[in-house]
Amino acid sequence: EADIYQTPRYLVIGTGKKITLECSQTMGHDKMYWYQQDPGMELHLIHYSYGVNSTEKGDLSSESTVSRIRTEHFPLTLESARPSHTSQYLCASSPGSNYGYTFGSGTRLTVV
Amino acid sequence: AQSVTQLDSQVPVFEEAPVELRCNYSSSVSVYLFWYVQYPNQGLQLLLKYLSGSTLVKGINGFEAEFNKSQTSFHLRKPSVHISDTAEYFCAVSERGYQKVTFGIGTKLQVIP
Numbered sequence: 064e065a066d067i068y069q070t071p072r073y074l075v076i077g078t079g080k081k082i083t084l085e086c087s088q089t090m091g092h093d094k095m096y097w098y099q100q101d102p103g104m105e106l107h108l109i110h111y112s113y114g115v116n117s118t119e120k121g122d123l124s125s126e127s128t129v130s131r132i133r134t135e136h137f138p139l140t141l142e143s144a145r146p147s148h149t150s151q152y153l154c155a156s157s158p159g160s161n162y163g164y165t166f167g168s169g170t171r172l173t174v175v
Numbered sequence: 144a145q146s147v148t149q150l151d152s153q154v155p156v157f158e159e160a161p162v163e164l165r166c167n168y169s170s171s172v173s174v175y176l177f178w179y180v181q182y183p184n185q186g187l188q189l190l191l192k193y194l195s196g197s198t199l200v201k202g203i204n205g206f207e208a209e210f211n212k213s214q215t216s217f218h219l220r221k222p223s224v225h226i227s228d229t230a231e232y233f234c235a236v237s238e239r240g241y242q243k244v245t246f247g248i249g250t251k252l253q254v255i256p
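Here the protein sequences come in this chain order: A and B.
If you count the first sequence from 1, you need to add 63 to reach the working numbering.
If you count the second sequence from 1, you need to add 143 to reach the working numbering.
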């Protein structure tokens, strides 16, 4: 079944650690996105990609980085995690703006 | 720039009663409109979308939404809710030809037995 997968689902790490949140999709979508979700607030776009070797920063300033070496894979990396990075991170993909997004189940990150 | 306002942060409703979740948007150009549902500890799932044509759009799980251009609204409705509809619902807008989507802050629907 075509889908979008995020790992890990939950992660608790110490301050200063480097982490990578994984996102993979099997639908062949060109467009992929990373959103940050906090309770009571709108989803904030932090990174997006419209294809291989194409990445852009989103509306919300973020200390993370992304890469898009393969169509199906869009990992997000934090070089040095801080408590302010504690949040839920959602990955999404889409074939085009009129299709809507398919979301992964999210990674809930806690930095202690 | 586009924006989305969800007027209610929480909506409690008794089981089998009707419900309406309100959404207004702002944009200077034509838009696509979406409703997503998020169950606890899951990602968002597309409920329905309006692209063009008929202003009444039907989606999954018995939900429907009506696009009103003059009022710039896209309210979500269900004639009879079930306990399993308890979730958070997000309205979203995308300007035509523009790939990014703007989401509202969400409305928590609590269905009371």
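Hints are not guaranteed to be accurate.
Result set (EDC-like, lysine to aspartate or glutamate): computed pairs, CA atoms no more than 20 Å apart in a straight line [what the hints assert, rightly or not]:
1. B:251 <-> B:207
2. A:81 <-> A:122
3. B:221 <-> B:209
4. B:221 <-> B:151
5. B:212 <-> B:228
6. A:80 <-> A:126
7. B:192 <-> B:158
8. A:94 <-> A:119
9. A:81 <-> A:105
10. B:192 <-> B:238
11. B:212 <-> B:159
12. A:80 <-> A:119
13. B:212 <-> B:163
14. B:243 <-> A:142
15. B:243 <-> A:119
16. B:251 <-> A:105
17. A:120 <-> B:231
18. A:94 <-> A:142
19. B:192 <-> A:122
20. B:243 <-> B:159
21. B:243 <-> A:105
22. B:243 <-> A:122
23. B:251 <-> A:119
24. A:120 <-> A:135
25. A:94 <-> B:238
26. B:251 <-> B:238
27. B:192 <-> B:159
Worth flagging that the hints you see were computed from the coordinates, not collected in a lab.
Please read all numbers here as calculations on a predicted model, not as lab measurements.
If any of the earlier hints don't hold here, list their numbers in rising order. Violated hints (numbers, rising): 2, 5, 7, 9, 11, 12, 14, 17, 18, 19, 20, 23, 26, 27; every other hint is consistent with the structure.
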